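Residues 1 to 428 (UniProt numbering) are what the sequence shown spells out, left to right.
I should point out that these hints are in silico values taken from the structure, not numbers from a laboratory.
Owing to the predicted nature of the structure, the values given are computational and were not obtained by experimental measurement.
It cannot be assumed that every hint is accurate.
Computed list of lysine to aspartate or glutamate pairs in EDC-like fashion (alpha-carbon distance at most 20 Å, straight line) [unchecked claim]:
#1 72 / 51
#2 207 / 182
#3 118 / 78
#4 72 / 84
#5 72 / 35
FRET-style restraints, in silico, Cβ to Cβ [what the hints assert, rightly or not]:
#6 195 / 111: 26 to 32 Å
#7 355 / 299: 19 to 25 Å
#8 61 / 33: 18 to 24 Å
#9 424 / 374: 28 to 34 Å
Where a beta carbon is used, it is the ideal one built from N, C-alpha and C, also for glycine.
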Amino acid sequence: MAAQQHTPRPRRVAVFGQGYVGLSVACAAATAGYDVVGIDTDDARIASLAEGDLAVPGVRADEFDSAVATRKLSFTTDGARCNDADIVLICVPTPILERLPDLSMVAAAGRTVAEHMKPGALVVLESTTYAGTTEDLLGPILEAGHRRAGTDFLLAFAPERIDPGNTTFAFHQIPRVVGGIDQASTDAAVAFYADLVDRVHPVSSTKAAEQAKLLENTFRMVNIAMVNEFAMLCADQGINPWEVIEAADTKPFGFMPFYPGPGVGGHCIPIDPIYLTWQSRRDAGRPIRLVELAQDINAEMPGWVIDRIAEALNDQAKAVRGSTVLTIGVTYKPDVGDLRESAALQVLHGLARRGADISYHDPHVPTLTVGDHELESVELTDEAIAAVDLVAVLTPHRAVDLDRVVANAGLVFDARNATGGGPNVVVL
1 MAAQQHTPRP
11 RRVAVFGQGY
21 VGLSVACAAA
31 TAGYDVVGID
41 TDDARIASLA
51 EGDLAVPGVR
61 ADEFDSAVAT
71 RKLSFTTDGA
81 RCNDADIVLI
91 CVPTPILERL
101 PDLSMVAAAG
111 RTVAEHMKPG
121 ALVVLESTTY
131 AGTTEDLLGP
141 ILEAGHRRAG
151 TDFLLAFAPE
161 RIDPGNTTFA
171 FHQIPRVVGG
181 IDQASTDAAV
191 AFYADLVDRV
201 HPVSSTKAAE
211 QAKLLENTFR
221 MVNIAMVNEF
231 AMLCADQGIN
241 PWEVIEAADT
251 KPFGFMPFYP
261 GPGVGGHCIP
271 IDPIYLTWQS
281 RRDAGRPIRL
291 VELAQDINAE
301 MPGWVIDRIA
311 EALNDQAKAV
321 RGSTVLTIGV
331 TYKPDVGDLR
341 ESAALQVLHG
351 LARRGADISY
361 HDPHVPTLTV
371 GDHELESVEL
381 TDEAIAAVDL
391 VAVLTPHRAV
401 DLDRVVANAG
411 LVFDARNATG
421 GGPNVVVL
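Required output: the full structure, derived from the provided sequences and hints.
Here is the structure:
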């Protein structure tokens, strides 16, 4: 049967990858009434999920518990379980390896799907990647089993848009962009995501959808770089950059506030622009100069923050070497436990290399290895705060009482303008 003639309403979904992206969409599909199987190669993760243990941060516990309890969501390491799925989602990591895109996990998932998918299935890639991946890499892999995309199966790209730790926008409130290899693929993908979210925005092709995701995150990265460099200038001029940004934000048009910090982190903002710049050099033979410059600026920020901390200590007649520094937050953003590409962690490593006696407090990271140091998150008592030479607020989790930090610390360096300031506070 041709894929375009597949008329029964799809009810079974297989999701490859059970990180925060794959598990979130699996829970959403189960909540919408689909029978979902989550597939992952991580034995320990699958075992935990199968036992009802939500071992993946950033996923709504109520949706997960309900989906597991009603048996609408099950888990396995066996990729062959996608054989009865009407819809197959690929939500695997797409990291960078030596500053080159690493799509090995997409390819591996694709080979498994090609071997086991049933005729007429809709395959959707959600993993962030460069324009052309769905058609030029995944499509041929799926066709290796003598099937034709658009005839024997449908194929689309719908970039994930999950923001871990964001309590403002629930999964269903975030619009989804969808692009298929043909109209039938687009229509099928739109129909599926319309069951999961309030708004679906179809585009003309998989390439347009792939490029849209890269534009979103590159836009954010470039603007963060601009405001980071602006903060450097303000520091040299003795101007508070946060005050300036707040003033500029009173303009009701033509301005969008971005805020400085110790750098960019996570799997998206530091990584996705590399896909864009790599492809520009490969396909167009030229760099995207602004994007590459922005990457360089953001990469400099952890070192600049360390220099600012050193200046703050110097003003107290103390050197970095031998000073006790307690860092608040080591994850890449507030209220998550993700250390990937964390600028705060880079600052902590840099302070250790410069001889500081480091410690940290992070309610989301109980233990941490920094160089030769095996650290445990310290209890944030008044005595612990007062005992150190400097407290560096790098990632301000909501669970941390920063008023208490400021009240008890001798010196605070606030890299996020999170404390409200004070006579003992140096703000980035």
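Right, here's what the structure says about each hint:
1. For the hint linking residue 72 to residue 51, the alpha-carbon distance of about 14 Å falls within 20 Å, and the restraint holds.
2. Among the hinted pairs, residue 207 with residue 182 is consistent with the structure: their alpha-carbon atoms are about 12 Å apart, no more than 20 Å.
3. The hinted pair formed by residue 118 and residue 78 meets the criterion: a straight-line CA distance of about 16 Å does not exceed 20 Å.
4. Of the pairs offered as hints, the one joining residue 72 and residue 84 holds, with about 15 Å between alpha carbons and a cut-off of 20 Å not exceeded.
5. As the CA atoms of residue 72 and residue 35 are separated by approximately 5 Å, the hinted pair is consistent with the 20 Å bound.
6. Remark: the range hint 26 to 32 Å for residue 195 to residue 111 is upheld by a beta-carbon distance near 28 Å.
7. One distance hint, 19 to 25 Å for the beta-carbon pair residue 355 and residue 299, holds here, with the actual separation near 23 Å.
8. At about 20 Å, the CB distance of residue 61 to residue 33 agrees with the hint of 18 to 24 Å.
9. Judged by the Cβ atoms, the range 28 to 34 Å given for residue 424 and residue 374 holds: they are separated by roughly 31 Å.
Checked against the numbered hints listed earlier, the structure breaks none of them; every hint is satisfied.
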